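**Student:** Top to bottom, those sequences are chains Z and E. 138 is the number that this note's numbering gives the last residue of the first sequence; the numbers go up by one with no jumps. 121 is the number that this note's numbering gives the last residue of the second sequence; the numbers go up by one with no jumps.
None of these hints come from the bench; they were simulated from the model. Please read these numbers as outputs of a predicted model, since none were measured by experiment. Glycine included, C-beta positions come from ideal geometry on N, C-alpha and C. Any given hint could turn out to be false.
[As the list claims (entries may be wrong)] Cβ-Cβ distance ranges computed for the label pairs, FRET-style: (1) E:Gly-102 / Z:Glu-109: 29 to 37 Å; (2) Z:Glu-126 / E:Lys-78: 20 to 28 Å; (3) Z:Ser-111 / E:Gln-118: 20 to 28 Å; (4) Z:Asn-96 / E:Gln-88: 27 to 35 Å; (5) Z:Pro-86 / E:Gln-118: 31 to 39 Å; (6) Z:Leu-66 / E:Ser-72: 39 to 47 Å; (7) Z:Pro-87 / E:Lys-49: 29 to 37 Å.
[As the list claims (entries may be wrong)] DMTMM-like mimics (lysine to aspartate or glutamate), calculated; alpha carbons at most 20 Å apart, straight line: (8) E:Lys-108 / Z:Glu-107; (9) E:Lys-49 / Z:Glu-78; (10) E:Lys-65 / E:Glu-33.
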Amino acid sequence: EAGVTQSPTHLIKTRGQQATLRCSPISGHTSVYWYQQALGLGLQFLLWYDEGEERNRGNFPPRFSGRQFPNYSSELNVNALELEDSALYLCASSLGRENTEAFFGQGTRLTVV
Amino acid sequence: QQQVKQSPQSLIVQKGGISIINCAYENTAFDYFPWYQQFPGKGPALLIAIRPDVSEKKEGRFTISFNKSAKQFSLHIMDSQPGDSATYFCAASNGVGNTDKLIFGTGTRLQVFP
């Protein structure tokens with residue numbers, strides 16, 4: 026069974042540009058979570074989507090946004106990129122909220138220059 | 008109050024030794040404490056987790072010790088192996104499935120030398 030897959034693996038953008046990161050959850054999983062892992066910091070929660078709806082968002086500015094498609098895959102968009110947005114962006118998926126473990130993808134390394 | 012403080016930042020252990028990573032939290036509403044293992048180029052994977060109704064949980068060479076009164080929990084890796092070399096994250100939340108509520112520590116990079 027395929028795990029959570031993310032694309033691209035690496036992404037280099039210049040300051041002010043937009044970045045789009047993609048995530049395919051494990052088959053059958055309806056919840057998708059996005060996390061930012063900056064160097065030296067733990068994982069910081071960004072967004073949670075379930076059944077196509079945004080259920081919760083972390084303490085990040087509105088230029089971080091996303092969506093979930095009918096097939097439960099998800100996109101994370103970061104507008105007006107800043108140097109501080111350079112980080113590993115992790116996607117995780119789960120069957121749902123109640124008592125279910127989330128499984129992480131390998132991440133997308135975003136570098137803003 | 009939402010922080011989870013993790014130490015040490017890095018740890019070097021000889022093969023066969025015991026690796027110990029510590030975490031402390033403030034929010035007494037936390038009732039789920041997982042540990043994640045992350046290898047380079049991979050996403051974190053759940054290693055072991057504990058609820059506050061027990062003081063210790065063991066799975067193979069990995070043990071979580073939990074001290075509710077001190078609001079601390081730790082990961083012990085017995086007979087550490089080079090294959091255990093990874094970054095370990097502790098986390099805490101209220102509820103097992105509340106992935107969006109997980110608060111992560113800053114991570115410990117463990118290196119086990121032969």
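**Student:** If a hint holds in the structure, say so; if it does not, say that too.
**Tutor:** Hints, one by one, checked against the model:
1. Restraint check, E:Gly-102 to Z:Glu-109: a C-beta distance of roughly 31 Å satisfies the suggested window 29 to 37 Å.
2. Distance hint check for Z:Glu-126 and E:Lys-78: the Cβ-Cβ separation is about 24 Å, which falls inside the suggested range of 20 to 28 Å.
3. Between Z:Ser-111 and E:Gln-118 the beta carbons are some 25 Å apart, a value that agrees with the proposed interval 20 to 28 Å.
4. Taken as a hint, the range 27 to 35 Å is violated for the pair Z:Asn-96 and E:Gln-88, whose Cβ atoms sit roughly 40 Å apart.
5. The given range of 31 to 39 Å is respected by Z:Pro-86 and E:Gln-118, whose C-beta atoms sit roughly 36 Å from each other.
6. Our hint of 39 to 47 Å for Z:Leu-66 and E:Ser-72 is violated, since their Cβ atoms are close to 25 Å apart.
7. Under the hint 29 to 37 Å, the C-beta atoms of Z:Pro-87 and E:Lys-49, about 31 Å apart, fit the expected range.
8. This hinted pair does not check out: E:Lys-108 and Z:Glu-107 have alpha carbons roughly 26 Å apart, beyond 20 Å.
9. With a C-alpha separation of about 27 Å, the suggested pairing of E:Lys-49 with Z:Glu-78 is violated against the 20 Å cut-off.
10. Between E:Lys-65 and E:Glu-33 the CA atoms are separated by roughly 24 Å; this puts the pair beyond 20 Å, and the hint is violated.
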